[in-house]
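Participant: Residue numbers (this note's numbering), protein chains in the order written: chain F, 2 to 339; chain H, -13 to 491.
These are computed hints drawn from the structure, not numbers from a lab.
One or more of the hints may lead you astray.
[As the list claims (entries may be wrong)] Keeping only pairs whose Cα atoms sit at most 27 Å apart, straight-line, the calculated DSS-like set for lysine-lysine is:
#1 F:LYS58 x H:LYS442
#2 H:LYS196 x H:LYS251
#3 H:LYS89 x H:LYS9
#4 H:LYS410 x H:LYS382
#5 H:LYS410 x F:LYS58
#6 H:LYS234 x H:LYS188
#7 H:LYS445 x F:LYS58
#8 H:LYS9 x H:LYS52
#9 F:LYS58 x H:LYS491
#10 H:LYS410 x F:LYS44
#11 F:LYS230 x F:LYS145
#12 F:LYS44 x F:LYS58
#13 H:LYS234 x H:LYS52
#14 H:LYS242 x H:LYS327
#15 H:LYS196 x H:LYS287
#16 H:LYS288 x H:LYS111
#17 F:LYS36 x H:LYS410
#18 H:LYS257 x H:LYS454
[As the list claims (entries may be wrong)] Covered, in the sense of this in silico footprint (three residues per stretch, anywhere, with C-beta under 8 Å from a C-beta of chain F), are these stretches of chain H:
#19 166 to 173
#20 351 to 361
All C-beta atoms, glycine included, are put in the ideal place defined by N, C-alpha and C.
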Amino acid sequence: MSRIRSCIVFPLFLVLLLAAVILSIHIGSVSISAKDIVDILFKGDRSNSVAYNIIWKIRLPRIVLASLLGGALSLSGFLIQTFFRNPIAGPFVLGISSGAKLFLAITTIIMTGLFNQMPVSVTVIASFVGSLLSLLLVLLFTGKVRSMSILLVIGIMISYICSAITDLLINFANDSDIVNLTHWSMGSFSAATWQDVYISAFIVLPTLLIVFFASKPMGAYLMGEGYAKSLGVNIRAFRVLLVLMTGILSSCVAAFAGPISFVGIAVPHISRLLLKTSKPILMIPASFLCGALFCVLCDLGARTLFSPTELSISTVTSAIGAPIVIWLLISRRRRNED
Amino acid sequence: MKRIAFFCFIVIICFPVLGAPLKDGVYTADFSTDSSMFHVNEAYNGKGLLTVKNGKMTIHVTMPSKQILNLFRGKAADATSPGAVLIGHTVDTVTHSDGFTEKAHGFDIPVPYLDKEFDCALVGKKGKWYDHKVSVSNPVPSGKESGITADASKPDLSFGLKATGRMKLDYANQFSVDYYEGGYKLISLADGSRFFIVPEGKRLPDGVSKSAVPLYQPIKNIYLAATSAMCLFDSLDRLDAIKLSGAKAEGWYIPKARTAMEEGKILFAGKYNAPDYELITASRCPLAVESTMIGHALNIKKQLEQLDIAVLVDQSGHEVHPLGRSEWIKLYGALLNEEEKADAVFSEQAGYLDSVKNSTPSEKRVAFFYVNSSGKIIARRSGDYVSRMIALAGGKYIFDNLGDDSGRMATVSLEPEFFYSQAKDADIIIYNATIADEIHFVSQMVGKSPLLADFKAVKTGNVWCTNKNMYQETTALGQMINSLHKIFSDSTADVSELPFFYRLK
């Protein structure tokens, strides 16, 4: 049954993702005909330079980045839910986004104070370094604390501490710094470039492969630590690997798109509900594909719903995703009752 | 002879139809519209107060609410064109038959003729203009019929004093200043707040505190949290009236204000949303001048008022005409008895605008935006004062469908491909460095968003940048328009710097 379901769900995800990508390439605030798009994409037609640049420099990098980071966020959500055995845990629960914001706030204040500048590249680097520093802190505790619930609480506390220090710093920041931090906190794929895509792909795809190859010990871990140990899984090393992979994926998202809410918590749920299994070997690719599909569609909504005003991606991910999850949960309960 | 007879015949026939001109005086009259959404407040039975002076008729009508912000005598399409004279609102106190009172917006509408429809467009908080037809009929001398009377829409604010005049305002419509014998003044703001200025050595007339907040001259030790007002005090040469600031020394781009703070003459007393109540109280501050941002922190306003500190909300940001903002210098002039100086400063700015008005508009297409540290493109809304300044200077703001800023943020995050398609062929780029990083080279701007390299203005070298002080220089908006006008004309090919703007290298 599970195999039949997988045979339906995976092709469905792929077809829907392809459709979402085609739709996103076609729809935008500037109307470009399907024929022109085909000519631009496959024949390299540059006769309409505006359309060419919109397709190649704005829409495509944005779509690819949204699918890569959407997949990464969803996958990191699945990993964290597996790790904590907690269905409402999200990838930013370890304080990743708060750490990113704190380090970004510090960097912004220093940069604008000294150079009157805060280049986009520095924003990306600062967010990434901040995320990794929080991750490092969590990893230090991971080796020392056995209880998952205590580690979860530690993650939340790290998040609070980072937020408190950020709020403290904001008191000394100038208005423009505060505006920039607020914009970053709302998340967006607006400034996506091919360079961002390459760097993200360099981080996300190898991580995805490593996680995929770890699906067998992960399945054993889900059956209980004792069972995993009996199969020869080094629990301590495995926990570190899981936290590290989660942290790297969510740090990459925070760096290139800011903290995107909901995707990491809900998309693994959607995948699980559709597949009706928690087996990592199925859930890892499913979460990634579903996250990519979800983010591409949400980004399309963010840039077109109130065009030319662009919404933050988190507004759309939460507004669309939450009702879907509620509907899936309720319909599953009804079916169980029947 | 036959022609004269025919003309007389036509006049005799048409006279009853067009209506005989009314004598100067005050009348109540029916005010009819073509919409159930646009009508007179129920308390006034569809009537307005028609004033005839030197043959010119104006009707004051009070609306049911504060939803309508401006009217325009004409079509909606013309209301947004440069130079369109909008009808600003007053804030009327309406008393219903059951004793219930409420605040509502009122308008003084010029009436071209009686008993015949004319165009009157309106704009609400959403910023969209709508066409309407209105008519005025059945004028009856005021007081002779149940309806409104001369003072029904406004409470008696004379406090037993003889009124001596009202401050002349050319562009501002968000405040008024009435003068009374003995040097008393009444400042009324569009949000309905009133401040009664008591001259030094005079006593407060009875009944004032019920309808206005008393302020005793000389007014000093002011807590200034509205950054846009600092330059107005500076232009009046009256920074000495300010003791406390809502911004730190490094936050000021007005040299004298920064120096005063560095010398300890003005103290930092916390931002508008986190004031140091103890310092403010200990400084014997009688007045806090806040920006409209205080509307998001009403508990702070209430706390200040509980400490007997009057809170004057600077609503210059709501002025439709850019020079309306500058004209607020007259309000602060009235507070500090510096009316003459205020008039002189404002006249100078109005002169800049007059000089621009007389020249032919260049119609250059202008993009005004910045790229934030996350790479997002942030532009001002189409109805914002910056876009109006661009229009007054003879340019054309390229983002013409970003809505009005009334009741919303003045800036908007733009979808990149919309930005690219709209701004690519702009003749001139003005990079807004007031909020964003300070830049000096085109390459720095392109580094923030590589797409900008394709832009016409970048290729032709027509990229300018604002100085950091642009938003704080409320006084000099006339001069700013003048600088924009120079940028839009071809006379600045070799110029690299103008007041408030510099060319990127």
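Participant: Now look at each hint and say whether the structure bears it out.
Facilitator: Against the structure, the hints:
1. Restraint check for LYS58 of chain F and LYS442 of chain H: satisfied, since their Cα atoms lie roughly 17 Å apart, inside the 27 Å limit.
2. A hinted pair counts as satisfied when its Cα atoms are at most 27 Å apart, and LYS196 of chain H with LYS251 of chain H does not qualify at roughly 35 Å.
3. Restraint check for LYS89 of chain H and LYS9 of chain H: not satisfied, since their Cα atoms lie roughly 32 Å apart, outside the 27 Å limit.
4. Proximity of LYS410 of chain H to LYS382 of chain H is assessed by CA-CA distance (about 14 Å); at most 27 Å being required, the pair is judged to hold.
5. For the hint pairing LYS410 of chain H with LYS58 of chain F, the CA-to-CA distance comes to about 14 Å; that is within 27 Å, so the pair holds.
6. Using a Cα cut-off of 27 Å, the hinted pair LYS234 of chain H and LYS188 of chain H is violated, with the two alpha carbons roughly 36 Å apart.
7. Among the hinted pairs, LYS445 of chain H with LYS58 of chain F is consistent with the structure: their alpha-carbon atoms are about 19 Å apart, no more than 27 Å.
8. Proposed proximity of LYS9 of chain H and LYS52 of chain H is contradicted: the alpha carbons are some 32 Å apart, above 27 Å.
9. Restraint check: the Cα-Cα separation between LYS58 of chain F and LYS491 of chain H comes to about 26 Å, which is no more than 27 Å; the hinted pair holds.
10. Of the pairs offered as hints, the one joining LYS410 of chain H and LYS44 of chain F holds, with about 24 Å between alpha carbons and a cut-off of 27 Å not exceeded.
11. Restraint check: the Cα-Cα separation between LYS230 of chain F and LYS145 of chain F comes to about 18 Å, which is no more than 27 Å; the hinted pair holds.
12. Only pairs whose Cα atoms come within 27 Å are accepted, and LYS44 of chain F paired with LYS58 of chain F is accepted, the gap being roughly 16 Å.
13. Pair hint LYS234 of chain H plus LYS52 of chain H does not hold up; C-alpha atoms about 36 Å apart against a cutoff of 27 Å.
14. Note on LYS242 of chain H and LYS327 of chain H: the hinted pairing holds, with a Cα-Cα distance of about 18 Å set against a maximum of 27 Å.
15. Note on LYS196 of chain H and LYS287 of chain H: the hinted pairing holds, with a Cα-Cα distance of about 18 Å set against a maximum of 27 Å.
16. A distance of roughly 25 Å separates the Cα atoms of LYS288 of chain H and LYS111 of chain H; the hinted pair therefore holds under the 27 Å criterion.
17. Proximity of LYS36 of chain F to LYS410 of chain H is assessed by CA-CA distance (about 23 Å); at most 27 Å being required, the pair is judged to hold.
18. For the hint pairing LYS257 of chain H with LYS454 of chain H, the CA-to-CA distance comes to about 19 Å; that is within 27 Å, so the pair holds.
19. For the region 166 to 173 of chain H, the stated coverage by chain F is not satisfied: 0 residues place a CB nearer than 8 Å to a CB of that chain, which falls below the threshold of 3.
20. Counting residues of the region 351 to 361 of chain H whose beta carbon lies closer than 8 Å to any beta carbon of chain F gives 5, which reaches the threshold of three, so the coverage claim holds.
When held up to the earlier numbered hints, the structure conflicts with 2, 3, 6, 8, 13, 19 and fits the remainder.
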